[in-house]
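Student: Let chain A serve as the given structure and place chain B on it in line with the hints.
Listed below, chain by chain, are the residues.
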Amino acid sequence: MTDTTTTHRTGSTGGLIPRIDFSAPRHRAKFGYLLLAPAVLLMAVIIVYPIILSVSISMQDVRIARIGDGAEPWTLENYQWLFGSGETWHALWVTFKLVAVVGGLSVIIGFATAMLVNQKFRGRTAARLFVALPWAVPEVVATVIWAWMLDSSFGLVNWVLLRTGMVVEPIAFGSDPTAAFAAVCFVMIWKGYPLMSIMLLAGLQSIPEEQYQAAKVDGAGVFQRFWYITLPNMLPVVGVTMVMTTLWVFRDFAIIHVLTQGGPLGATTTLSILTFEQSFEFFRMGQGAAVGVLTMVLCAIISRALVGRLAKSVH
Amino acid sequence: MQKRHPLATFALYATVILTCAILLFPIYWMIVTALQPSSNLRAYPPQFWPADPQWNVFADLLAKHPFMLWFSNTILIAFATMTISLAVSILAAYALSRFRLRGGTGLGLFILTSKMLPATLLIIPLFAIFRSTGLVGSLWSVVIAQATLIVPFCTWMLKGYFDTMPPELEQAALVDGCSPLGTIFRIVLPVAAPGLAATALYAFVVSWSDFLFGRTFLTTNDESWTLQMGIASLKGEFVTEWNVIMAGSIMASIPIIIVYLFLERFLVGGLAAGSEK
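Protein sequence lines, in the order shown, are assigned to chains A and B. Using our numbering, you'd call the opening residue of the first sequence number 377 and step up by one each time. Using our numbering, you'd call the opening residue of the second sequence number 6 and step up by one each time.
Do not take every clue at face value.
[As the list claims (entries may be wrong)] Now the stretches of chain A that chain B is said to cover, found in silico as 3 or more residues with beta-carbon under 8 Å:
no. : stretch
1   : 403–412
2   : 427–436
3   : 465–478
4   : 501–510
5   : 550–558
6   : 594–606
7   : 669–677
Since the hints were made in silico from the structure, they are not lab data. Each residue gets a CB set at the ideal place from its N, CA and C atoms; glycine is no exception.
The following block holds chain A by itself, in its conformation from the complex (with noise of 0.2 Å):
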């Protein structure tokens, strides 16, 4: 930002660097690389340069990754660790459990709420404003609140269930795998429906008006203008945000990591968990880096889906 702004004021002050008109056409494309330059250099130094070195650190054989002298020579173990042990496999499908789970329910419960708030009644602009109000909370807060909402002793959740007699005794969702797993989803779910639910929204507004005037006249019932206008218009959309949920439950860290901490017994160890524990509680940042190359890869795959999309709109 600095740069770009004294570069230009003492070009146009006329200082010891040469005078240059930005504005003169020929000049134009000039000034367009300056007001570049600020990002490019930030996110060679953040992205570029991190990616680089991580994949430098999954081939070492270390235990805290260090830059320079300290780096030691390159090896192909920690990938042969991370196909040939079971915790890789096993992170890989509590993911893609995960996905389908919290994927799936979000997007059910985004289109529903969608499509309520989009009606017209009195009062419909606070209605947006409060189903989607969980977006805003943060991660953590949301996972310590459901963490008492489902603690095994006290917790509300455990109550309603004794009291409409669902179960016989109270469920333990901190030592019980399939449990924590559920729960784990609970918080999820509740974090990630509002942003899928904003977007639709605003999918389901672009929709014209006109179809569904025009299917009324030809004597369309709810159903059937649901199934035949708003599904097929919604269906990029819907695509679009499930794309982008997939991605979020992928690198997820901070709700897992709260709530159960990965466990019990691996129950919902994630990529991004599996990461961290490597990398920070077991201090093998060399695998660490090597489970975070492999999410980094399959994110990359599953994006190319949007990006494919999107790439379009990039001049």
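Tutor: Using the frame of chain A, we list chain B on its own:
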């Protein structure tokens, strides 16, 4: 528009109210739990209304934990991240939107892809870098790490916004002798204020809610803990005082819930513009 049957109107309102009540119940429960006397927390059946609200739970929280320190650290980080990210992304987004530059498309794609990077991968090399530069434990480490995710997102969001603005205004300003940089600050930014507000809000909320970077880079230094780290650590304590945790949670969410309520309409437009196309 035909008039709705009164019964249908009633059903609609009932559905809306019921839906909001269910979806927002955890927030209500956070507030009720914070205000309960701690003996009531283990009551059977649970108390759904704080008959005897204990306001001193907040004083308790401040007395027992360095809550104000966490709070001010979080505010510092959020404002620094927001300012730096916005400054960088405004210029880049404007360039990507208005200039046909060689490499512009490639850069756009790169920005788009880096939004999708797993942060858990980046923390390993960043940790190595911060260790060798002595930034581990400093608030700057989190600000820098946040920028990895926030700058690409903000650039993309603002580019989408600038794309919707007609370039004629700027051309007129240039013809009238305004400098190119002056055009951005005097013409483009005022018109783009809603988009800027949405982007700033996004950056603020994301950086306020960060847990991963703080947990990784700041854990060793008690002086630079953030709110989210503090609250997570309260949950891990041997005896969990749920009312105190919930009081902390309220204070950690109120600032961004307020920001959200004021700026939501800008945010919705911005998110939709930044991601849907």
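Student: Taking the hints in turn, state whether each one holds.
Tutor: Cross-check of the supplied hints:
no. : hint    : result
1   : 403–412 : holds (count 7)
2   : 427–436 : holds (count 4)
3   : 465–478 : violated (count 0)
4   : 501–510 : holds (count 8)
5   : 550–558 : violated (count 0)
6   : 594–606 : violated (count 0)
7   : 669–677 : holds (count 5)
Of the hints listed earlier, those the structure fails to meet are numbers 3, 5 and 6, in rising order.
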